[in-house]
Amino acid sequence: MVQAYILIQTDMGRAGDVSAACAEIDGVVSAEDVTGGYDVIVKVEANTVDELGKLVLAKIQKVQGIVRTQTCTVVHV
1 MVQAYILIQT
11 DMGRAGDVSA
21 ACAEIDGVVS
31 AEDVTGGYDV
41 IVKVEANTVD
51 ELGKLVLAKI
61 QKVQGIVRTQ
71 TCTVVHV
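Taking the UniProt record's numbering, I'd label the letters of the sequence shown as residues 1 to 77.
There could be a bad hint or two in this list.
Claimed, not checked - Pairwise CB distance ranges, derived in the manner of DEER restraints: (1) Gly16 <-> His76: 25 to 33 Å; (2) Gly16 <-> Asp50: 27 to 35 Å; (3) Gln61 <-> Met1: 16 to 24 Å; (4) Arg68 <-> Ser30: 32 to 40 Å.
None of these hints come from the bench; they were simulated from the model.
Predicted model only: the values in this text are computed from it and were never measured.
Each residue gets a CB set at the ideal place from its N, CA and C atoms; glycine is no exception.
With the hints as constraints, model all of the structure from the sequences given.
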């Protein structure tokens with residue numbers, strides 16, 4: 001199992017919408033709007049690194065209101 005945190009910057013005022021939309025995606029464990037350098041932090045799980053990449057590229061980055069993402073893969077579970 002591969003886990004990662006996706007750090008997301010959103011358009012102004014869209015953090016709540018983005019976190020709600022991400023929470024509905026299969027593979028997303030949690031999605032929270034936060035304060036600081038990023039607007040939303042999403043925790044995801046996938047079976048392989050390849051599946052993780054597909055989840056981020058094909059699903060999460062397609063959510064309306066996302067400006068930028070940074071994927072932080074968990075190295076020890």
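Quick rundown of the hints versus the structure:
Hint check: Gly16 to His76, Cβ distance near 32 Å, so the stated range 25 to 33 Å holds. The hinted window of 27 to 35 Å between Gly16 and Asp50 holds, with their beta carbons roughly 31 Å apart. At about 22 Å, the beta-carbon gap between Gln61 and Met1 stays in the expected band of 16 to 24 Å. As the Cβ distance of Arg68 to Ser30 is approximately 20 Å, the hint placing it in 32 to 40 Å is violated.
Checked against the numbered hints given earlier, the structure breaks only hint 4 and satisfies all the rest.
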